[in-house]
Amino acid sequence: MRVYRLLLIIGLLLWLGLTLALNASAPPEILPLFTLRFSSSAALAWLLSGAGLLLLALRAALPRRSAGTEWVSRFEGLAAYLNEGVVVCGKDGRARWHNDAGRELLLEGDTLAENVGELLRRAQSSGKVTIQMLPLREGLRFSVQALPLDHHTFALICRPLQSASGQGAFYENFIRRIVHDMRNPLAAIIGHAANMRQSPGVEPESWRKSAATIEDEAQRLARLVDSLLFDARLAYVPLELQRLDVADVLEEALYAHDEQAQRQGKSLQLEAPPGAMPLEGDRDLLVRAFENLIDNSLKYSGENGRLVVRLSDQPNLIVIQFSDNGEGIPPEYLPDRIFEPLVRARAHGSGSGLGLSIVRKIIEMHGGTISAQSRLGEGTTMTVRLPKPSERVTGNEV
Amino acid sequence: MDDRPHILVVDDEDSIRSALSTFLGRMGFRVRTAATGPEALAAVEQDEPDLVLLDVVLDERDQSQMSGLEVCRRLRARERFVPIIMLTSYPEWQVESLGQGAIAFVTKPWDNNALANQIRATLSAVQHIRQEMTREHNPGSRRLKIPGEIIIDLEHFRVSRAGQQIDLTPIEFALLAFLARHPNRGWTREELLNHVWDYSWAGYERTVDRHIAALRRKLRLERDELIETVHGVGYRLVTE
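Chains as they are written, first to last, in the numbering used here: chain A, 501 to 898; chain B, 110 to 349.
If you're looking for bench data, these hints aren't it; they were derived computationally from the structure.
Hints should not be assumed to be uniformly reliable.
[To be verified] Between beta-carbon pairs, the in silico distance windows are:
id, chain 1, residue 1, chain 2, residue 2, range
1, A, Arg875, B, Glu154, 35 to 41 Å
2, A, Val679, B, Arg294, 43 to 49 Å
3, A, Glu759, B, Glu154, 31 to 37 Å
Note that the structure is a prediction, hence the values are computed from the model and not measured.
Just so it is clear, CB atoms sit at the ideal spot from N, CA and C, and this is done for glycine as well.
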């Protein structure tokens, strides 16, 4: 920039000097321009080159007119390359700007698609960041966020859920597994009930066994149905975001399992730095996610089970680690497979097989990530990373 | 010597094994159970069961475990044929080609009576074929060639058309084998029920129609190609 300015100044000085030199014989009180001893077209060219130099010098010398517009254009250039769909729109849902993915996923013509429009209206009435999972493409669900930028402008950002990224085959597979997981308990229930009905006489011992099996298998089905329903609800119930203290949320989740842990002679412990650690989130969902993690640790730890929940503060992240001394997860399920729906590290456990996938979904809906580290026979650490609330956005109470 | 038919039940879930063994025991079968693939293979080597009731265990999440399909493959590689009925949670698997010869499918949850009928019919179909084979001592008759490039391997219960393996259930196989051994003659549905299915089991004539339809579909036969419908009578396999 400096060299450019220096060259401009040298250029201007040269131009002036030459003009003066060429007009040396003219009377000094007359402007050199009009007394040039050249043809009028040459004079005009000379004049224009001088004016051009002057303009360039002025532009270089003046401060940037508006830094804002330049950043917007840079941001637009950047956003065009994102896989996430981005749309900036007004209150009426008309797009002012969008990238390709945004047009494809969020817009119909130049207006927001109907279900996205509803999300925008909720964001308008609450004036807060609003997040919802929406089925934007056949079979695929996306997490869509509506961010109020100012009173009249909103940004909508959508990204595919990690668990649903890619293929429709994922859902077919999901349905197959659910069918498998339901048919097995059903087969056992129907088989045992039919045996009881068809038995030639009263058989107290075998009937008691059959009844116990029927009860267990029906409970298994009930848990699966509950989890499926909850999982489905996540798709359309919007997040109720509020400002929370993470330690407070963790304590609530731990408290719910305190009695069970004590009964089983296991220990639950929370290690948190002093002071509140704010988080923007849906309290009920986060409690549910944390409870699922605690529940898992208790379920798969032995007699001297011990779960430590460590909360730590990093520049832009809140990190929560759930470390247990349980039986661990086989390496083939790490780092990600264990979070896939209906994947169980233990064949035919009592769980629904949806617990960890629900946890991941909830964490992702909050813009966070979860990962698992584990050694067989030594224990498992689940690490949850959640973004800290951004002051710019959350402080914007419209 | 226990001459009750011997059935091996393979399923990784205790609740399913117990339901099946109680029921099958009451139906007069001798039942042994196995929870894993290796256990099942060992039990077959030891006991030579008359029939294996095998869970597909389409459990790709449990990689350490041998799937039912793998067990099936290994049982088919043995010299002696053992009929297999697969228990599956996925009905669509029934139409998928396994290329393993003579396997029947039953969907979970099963119906006790239908399952018992299926087992009896399969046992008797296999028994009929074995009896006929021991009656004839000509080794050449263990492989039948019929028009349409169809080869029937009576020893291993396999059928191929133009070199391509066709998956039939044991009963479909027995029906085709019976018609092929006694060609160019019309058989009534009742006669077919008697010769292919269990004598003691009162099957319905519609059952025969259903199996003929399945044979035509799987062998990709045109209408009245090879297996003719003899109106007012039944069916005839034509070789001349």
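So, going through the hints one by one against the coordinates:
Our hint of 35 to 41 Å for A/Arg875 and B/Glu154 holds, since their Cβ atoms are close to 37 Å apart. Distance hint check: the CB atoms of A/Val679 and B/Arg294 are about 45 Å apart, consistent with the given range 43 to 49 Å. As the Cβ distance of A/Glu759 to B/Glu154 is approximately 52 Å, the hint placing it in 31 to 37 Å is violated.
Of the numbered hints listed earlier, the single one contradicted by the structure is hint 3.
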